[in-house]
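**Student:** Protein chains in written order, with the UniProt record's numbering: chain A, 1 to 120; chain B, 1 to 503; chain C, 1 to 89.
Don't take every hint at face value.
[What the hints assert, rightly or not] The following label-pair restraints were derived from C-beta to C-beta distances:
1) C:Y86 - B:E294: 22 to 30 Å
2) B:V256 - A:V3: 18 to 26 Å
3) B:D33 - A:Y10: 14 to 22 Å
Hints listed in this document are in silico derivations from the structure and should not be mistaken for laboratory results. In this text, all values refer to a predicted model and were calculated from it rather than measured experimentally. Cβ atoms here follow ideal geometry from the backbone N, Cα and C, with glycine treated the same way.
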Amino acid sequence: MSVRANYANYRGPVRDRVENFHGNQLVYVMWERHLLFCAPLTFLADPAMTFDAFLAEVLTPALAPHPESEALDFAEAQWRLDGEAFTPRGDASLADNGIGHKSQLRLITPRLSDLADAAI
Amino acid sequence: MNAKTSKRLNMKERYRIMTRDLGWEPSYQRYEDIFPQEGFEGIKITDWDQWEDPFRLTMDNYWKFQAEKERKLYAIFDAVSQNNGQMKISDPRYLNAVKLFITAVTPLEYNAYKGYARVGRQFGGVGARIACQMQSIDELRHTQTQIHAMSHYNKYFGGMHDFPHMFDRVWYLSVPKSFFEDASTAGPFEFLTAISFSFEYVLTNLLFLPFMSGAAYNGDMNTVTFGFSAQSDEARHMTLGLEIIKFILEQHEDNVPIVQQWLDKWLWRGYRLLSIVGMMMDYMLPNKVMSWAEAWTMYYEEAGGALFKELERYGIRPPKYADQTVIGKDHVSHQAWFIFYQYGHATAFNTWVPTAQEMDWLSEKYPDTFDRLYRPRFELLAEKAARGERFYNDALPQLCQVCQIPLAITEPDDDTLLSHRDTVHDGERYHFCSDGCRDIFHHEPEKYVQAWLPVHQILQGNCGGADMEKVIGDYYRIEMGEDNLDFEGSAEQRRWAAWKQAV
Amino acid sequence: MSRVFIALQDNENARFIVEAIGEDNPEAEVKHSPAMIRVEADDRLVIRRETVEEKLGRDWDTQELQVDMISIGGNVDEDDDSFTLYWNS
Ligand SMILES: [Fe+2]
Ligand SMILES: [Fe+2]
Ligand SMILES: [Zn+2]
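Just chain A, same shape as in the assembly (with noise of 0.2 Å):
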């Protein structure tokens, strides 16, 4: 569908284009079943970062403050990106790992502690 506008062809600037981030890129990240986080993060990073880097600099200290952060272990964990089951090579860039502007990645780890019950 399109809008019904008051004049022809309508359209809104688009406000998050990939040019606004000054050379970043914008990468979500939703720990699933695990709410202590109230809601999937928003992360800032170069497109030409490692995965790798990405989870040792950018992900493992917003992670930090849940209980199971210390034992969590990536090689452990299963990822999904945008919707699809997704094997990251840890030495690429997430350029090169497909991982686009806005992408969302999931990160679907093995429950370490009772806390699972309530999915914190």
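Position chains B and C with the ligands against the provided structure of chain A, taking the given hints into account.
**Tutor:** Just chains B and C with the ligands now, kept in the frame of chain A:
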């Protein structure tokens, strides 16, 4: 003519003379040039004279009754300030609901004033124009009386000092702001469907009635008084909302699918917006009147049910995804409070873990969800806080492109999985909290691609740079340690204790 | 069948209006909550000027109801002698 008889001119006659007879047929300008926005939405009006105003209120009586309401209202404001009304509230945590109100709701009243002034100009029918004019003036009155009511508290409490500035900038206030701007940038008929019908008729009861009753129950005379005074105008606005919908539907059958799509959209948008009210009721009122789930049952399921049964005759069905709101009523207030709790460093009010007694009340009101899902979370947070690690989430949340709420609401059929939808439009990916919000985007993508999402704006560097302390302090004007953070150990808590000792 | 309702501020006027409603609508149900009185009925509720005037002991204009009313559910029909809420369905 005898003055007594003219005064006794019956209501219908008086309304005809003082309203309908003020209009005229244009003779040297084209109708479409005078009312250029009446047609573009596709709504067909064949006869404006069918418009009914059941209150038949004329301008002279309008001023008379409004003046009466104001006299009563300001007498109470005076009494409250002369009697140190700020000390009569149940608990200083209560005031945080008032802070949220003046930053989130009062600016909507001002937007409503502007909106009705604008759309009133766009209708060919004089009855509709007059009704919009009165409502516009009412909404300005609501803005002013709310500011006056809360200015008394502003002398004693933080978080209220910069409410119009905050409304334009602060992340969570983009939720009500974008809601209203969506309506204001629509055509005049969609605006009335959105605000007069969906919001005022169907949903404002949920905001004003339980919340204002709650204010009374928590000793806040100013709020209950302005609330009910505003609500007395609202009863008239609600009636206008129902009449406009019936009028549009009766005018032409082609209007039915257009209105149905608007109802689907605006009831979903309103439902999402009201999660904040749910949180106020369940978490921010120390003395509780009813739970959000009870209010939803009473005012949406029961009152709304009667309404949609009435509209069936026009070919209108209940709004899409209404079933999801019924599932959601047991979750949204908890999920919303949980957002504010963890981003409580970026709020212009205090947040807290509910007391043991409050949690028991929540268990009782939410037997299927609270103990299973939410109590364990609050207990963990309380433990963390007791160890001196009060949890503040330093990473920014992912927001819905349409409602702008963090994606913190769970799937209708899986309450441990966050609900998320996405779509690619013109090569760009967009994310949503629900099917409802995604449908709204798909219907008018050109409109929502331009959403000003606070998280993305911060990350583009448009909110004063990358340092969150600067964003919160300088860009939002939330004073660190004064307006925000946990209630425990807050400036409000300290001041309250000192005042209580002094009494 | 659907419920109509009117909510009034819990004040001096409303006390008499509610009394009048009770007399004219014996089936109506009155519910009190802090600062507010809600009156509900099946399908139809009528407020008659004459009855209200009798209770208040003074002249009363049906439009005066607007000063004390907080909310309503149902279609409205108002004239000089009465104020009616109703559902058609
Ligand atoms: Fe208002
Ligand atoms: Fe209103
Ligand atoms: Zn949404």
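**Student:** Which of the stated hints cannot be reconciled with the structure, identified by number in ascending sequence?
**Tutor:** Nothing - there is no hint that the structure violates, so all of them hold.
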